[in-house]
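J.: Below, each chain spelled out in residue letters.
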Amino acid sequence: MANISRGAAIVGVAESDDIGYLDNDKSDLQLHAEAAYNALEDAGLKKSDVDAIFASGNTLGLAEHMGIQPKFTDGTSVGGASFVIHAGHALAAISAGYCEVALVTHGSAGYSRRFYAPPATVRDNSPGAQFETPYGFIGAPINYAMACSRYMHEFGEERTREAMAEIAVATRKWAKLNPKALIHDPKAQIPLDMSFDDYHNSRWVCWPFHLLDCCLVTDAGGAYIITTPERARDLEKPPVWILGAGEGHDHGMISQMPSLTSLIARETGPKAFQMAGVNHSDFDLAMIYDSFTYTVMLTLESLGFCGRGEAADFVKGQRTAPGGDFPMNTAGGGLSYTHPGAYGVFLIIEAVRQLRGECGDRQVPNCNLTFCHGTGGSLSSGGTVVLASD
Amino acid sequence: MAQQSLPDKPIPYPTQETSFYWEKCSERELWVRSCNSCKKSYFYPRDFCPSCFSRDTAWIKCSGRATLHAFGVVARAPHRAWAEEVPFIVAMVDLEEGCRMPTNIVDVNIDPDDLKGDLEIGMALEVSWDERTDGYIIPVFSPV
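Chains A and B, in that order, give the protein sequences. Note that this note's numbering numbers the first sequence so that position 286 is 286, with each residue one more than the last. So the mapping is simple: this note's numbering equals the position in the second sequence, first residue as 1, plus 1000.
Don't read these hints as lab results, they were simulated from the structure. Every residue, glycine too, gets a C-beta built ideally from N, C-alpha and C. Possibly wrong hints are sitting among the right ones.
Stated by the list, open to error - Pairwise CB distance ranges, derived in the manner of DEER restraints:
no., chain 1, residue 1, chain 2, residue 2, range
1, B, Arg1028, A, Pro179, 40 to 48 Å
2, B, Glu1017, A, Asn201, 44 to 52 Å
3, B, Gly1117, A, Arg113, 50 to 58 Å
4, B, Trp1059, A, Arg114, 39 to 47 Å
5, A, Arg6, B, Trp1129, 41 to 49 Å
Generate the whole structure from the sequences, applying the supplied hints.
T.: Right, dumping it as structure tokens:
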């Protein structure tokens, strides 16, 4: 395979104008467009420079809404990992010469639109609708609970619970340092100085998950711009280089997952790290999709940062919190920064800001190398990208 | 304000590949597909073996015995149909025939203050039946 490491760079990142519990009737498309506008401004590029659109699903409607006539689109829609996977796809497309300026964007009014699922109006005869939905397999907490309960059985309930609490508390400490994080909105119902007791006492959503194990459902848009090395070097802000990318998928529905205690990250991580020519110990920052506290544990193990069943030891003692020696999810994560239903794009946004040194109180010192790992669907899809400062 | 009645729980809409499964369920029998080429049983039912892609596949009748593979105890209803039934148990069970299926565990008293209670992965289960609208009967499991 051709070596396309450093074949493209991320040159602009942004959220929509506002994110959180908006209650203001902004549409998905509007959040998309705001994020795209802001990311182009961050990059110092114009809409007319964009010749490719990457989004989860509706690329046509999105291009039309913004008045863009792209010569390349990629609507890969594999859950919240999509926007991490898009980075690898855009790297490939740009390296192959299909496009020069790729806009990767997401927008979702996940909070303002949320409601109990209405009765089906069409006869959905998909395998999921036939074999999972009638039992109440609806929504991420229930699907992910399968995997977490199995992990507890294999590696110990108590140590798993302790590790989930460590991640729950550590991530909220980072969120407190991020003015954009939802934790600052009292409606979020997350204590600003969340304690271990707060975690253990929070209500159950679906055992083994407390409310404070679960990611948010917010309204938010997010976007980033990828371009060629030549164009990247001409821009005002320093480029962030894509050193490696890996992608994999091993099932769709949770009941079809080959092993509930191993993620496809076991393949995407080594592939991305090898392409980048880096080792686990080289990273200054870890950005891991935290749909649930448990997702992070499983991802750390599957990526190879520790052995199977060892995540509890790995995250012990607030190691991933501010001041810890393994900074992780510094924006506050899907747990407490934002998560409009699919989160991957926000991993990239924070990674780029950290590599540029733009993160103020939460800035990781000398942050030059990081990775983002997205997990989507029902632990189904995985994407890893390795990013480095100029 | 008049109290709105809760919607019915979702029911399956069979396809050509699954109608035999659901017909047998309506007779309170559990059948799964098995591959004559690689000898593996599999769930959910489809004509092609998902392991070796052989079309030489058959239906086999299950004993109804299974063990608990994974579970969650749902405290917040995911759909209005379950609004008055929380907490309830969603699970994946390993059938004696060698494949794994999603289901509910029923006939378990759940203490709202101790949702996990006596549920243990690996515990022995047997098939039971839950009657739904439109004559559908779906397989669920209860502790032996």
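J.: A separate judgement is required for each hint: does it hold in the structure or not?
T.: Hints versus structure:
1. The given range of 40 to 48 Å is broken by B/Arg1028 and A/Pro179, whose C-beta atoms sit roughly 59 Å from each other.
2. Against the hinted window of 44 to 52 Å, the Cβ-Cβ separation of B/Glu1017 and A/Asn201 comes to about 47 Å, which satisfies the hint.
3. The hinted range of 50 to 58 Å is not satisfied by B/Gly1117 and A/Arg113, whose Cβ atoms lie roughly 35 Å apart.
4. For the pair B/Trp1059 and A/Arg114, the beta carbons lie near 41 Å from each other, so the given range of 39 to 47 Å is met.
5. A beta carbon spacing of about 60 Å between A/Arg6 and B/Trp1129 contradicts the range 41 to 49 Å that was offered as a hint.
The structure shown violates the earlier hints numbered 1, 3, 5.
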